[in-house]
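Fit chain B to the known structure of chain A by using the hints.
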Amino acid sequence: MPSPVMVAPYWVDDWYADNQTASTTLTSIWYPTNDSTFTVSSAVPWQHWTYTGTSTPTSMPLYLRQTIMRQQVLMVDPQQEAPRIVRPHVRSSKSQAELQARDLLLRCLSSEQRASLERDKWFVVEGRSGRRYRVRDLGHTVANIDVLEGERVTHRLCGHLQDGAIPLADHLLAQKLMLEGDEDSFLRLANRHAGAW
Amino acid sequence: MNILDKTGHTKIGWNPNNEDEVEFAREVFEEKTAAGFRAFRIRDGEQSTRMETFDPSAREMMLVPHLRGG
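As given, the protein sequences belong to chains A and B, one line each in that order. Quick note: the first sequence uses our numbering, first residue 1, plus one each step. Quick note: the second sequence uses our numbering, first residue 1, plus one each step.
I should point out that these hints are in silico values taken from the structure, not numbers from a laboratory. Note that the coordinates shown come from a computational prediction; the quantities given were computed from them, not determined experimentally. Be aware that a few hints might be false.
[Claimed, not checked] With a cut-off of at most 16 Å between alpha-carbon atoms, the simulated EDC-like pairs for lysine to aspartate or glutamate come out as follows:
(1) B/Lys11 <-> B/Glu60
(2) B/Lys11 <-> B/Glu27
(3) B/Lys32 <-> B/Asp55
(4) B/Lys32 <-> B/Asp5
(5) B/Lys6 <-> A/Asp103
(6) B/Lys11 <-> A/Asp103
(7) B/Lys6 <-> A/Glu98
(8) B/Lys32 <-> B/Glu46
(9) B/Lys6 <-> A/Asp163
Just chain A, with the same shape it has in the complex (with noise of 0.2 Å):
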């Protein structure tokens, strides 16, 4: 008798989306059925999923999602002789990134930085050296962040995720823990800007 296969009614993204209460085991659940060791790479763009367990499944690992969030994935039908392929439904999800990621930089910050981001679009970073940086969010990342001297802007610095497909929020949050957790770090990566123009 074949394994249960499921046929994504949807694509695999949006199966993930609606279910994200539960966690599974990627192991124990999903595999590629060319290979019952799992490994998820970015270099194969085409896998073959198989659902093996007996019920109905409530989840879509995570990692799974994230490999393939952008693929095209190959499903099975096992009433069909041939396979078919279950085309992306493509939502908005370059807005969707950008509330995910706001959601999680707002959980990241401080009560007071929170509400200082909300009222004033700008938060205040303690590094270990005492000094304290100011990260607004602009809309952008060049020079968005002041070096405070007391209320003083000595300088300002730049430095970013190089992927600028990243949602800004990301960025921000990139860089409060960096100049929280590896200050040296990032100032040695930043680049320095005047004061003020």
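Just chain B, lined up with the frame of chain A:
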């Protein structure tokens, strides 16, 4: 564990009592940090700190991809 990416981040959770899940999370952590991602531990009300090794007991951690000067 949250990995910052184009989707707004990818989250990987695990049950500390489930060896398979912990091992999977550890593999992802090591793969990403080997590729240059920086890992940070997040604690409520405290500064974030760098993590060099995976700690399954960490309640929250972030993996940050490459940064560059602008």
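Discussion item. Check whether the Cα positions of B/Lys32 and B/Asp5 lie no farther apart than 16 Å.
Written reply: It holds: about 12 Å lies between the C-alpha atoms, which stays within 16 Å.
Worksheet item: Is the Cα-Cα distance between B/Lys11 and B/Glu27 16 Å or less?
Response: It holds: about 14 Å lies between the C-alpha atoms, which stays within 16 Å.
Discussion item. So if I understand the rule, the pair passes when the alpha-carbon distance is 16 Å or less; does B/Lys6 with A/Glu98 pass?
Written reply: The given pair, whose Cα atoms are some 9 Å apart, holds under the 16 Å limit.
Discussion item. Given the hinted pair B/Lys6 and A/Asp103, is their Cα-Cα distance within 16 Å?
Written reply: 14 Å, holds
Practice prompt. Quickly compare the C-alpha distance for B/Lys32 and B/Glu46 to 16 Å and report which way the hint goes.
Written response: 24 Å, violated
Worksheet entry | Hint consistency between B/Lys11 and B/Glu60 [alpha-carbon to alpha-carbon, up to 16 Å] | 10 Å, holds
Fill in: Hint consistency between B/Lys11 and A/Asp103 [alpha-carbon to alpha-carbon, up to 16 Å]
Roughly 13 Å separates the two Cα atoms, so the pair holds.
Fill in: Hint consistency between B/Lys6 and A/Asp163 [alpha-carbon to alpha-carbon, up to 16 Å]
Satisfied, since the Cα-Cα distance of roughly 8 Å is no more than 16 Å.
Worksheet item: For the pair supplied as a hint, B/Lys32 and B/Asp55, is the alpha-carbon distance within the 16 Å limit?
Response: 14 Å, holds
Going through the hint list in order, the structure does not satisfy hint 8, though it satisfies all others.
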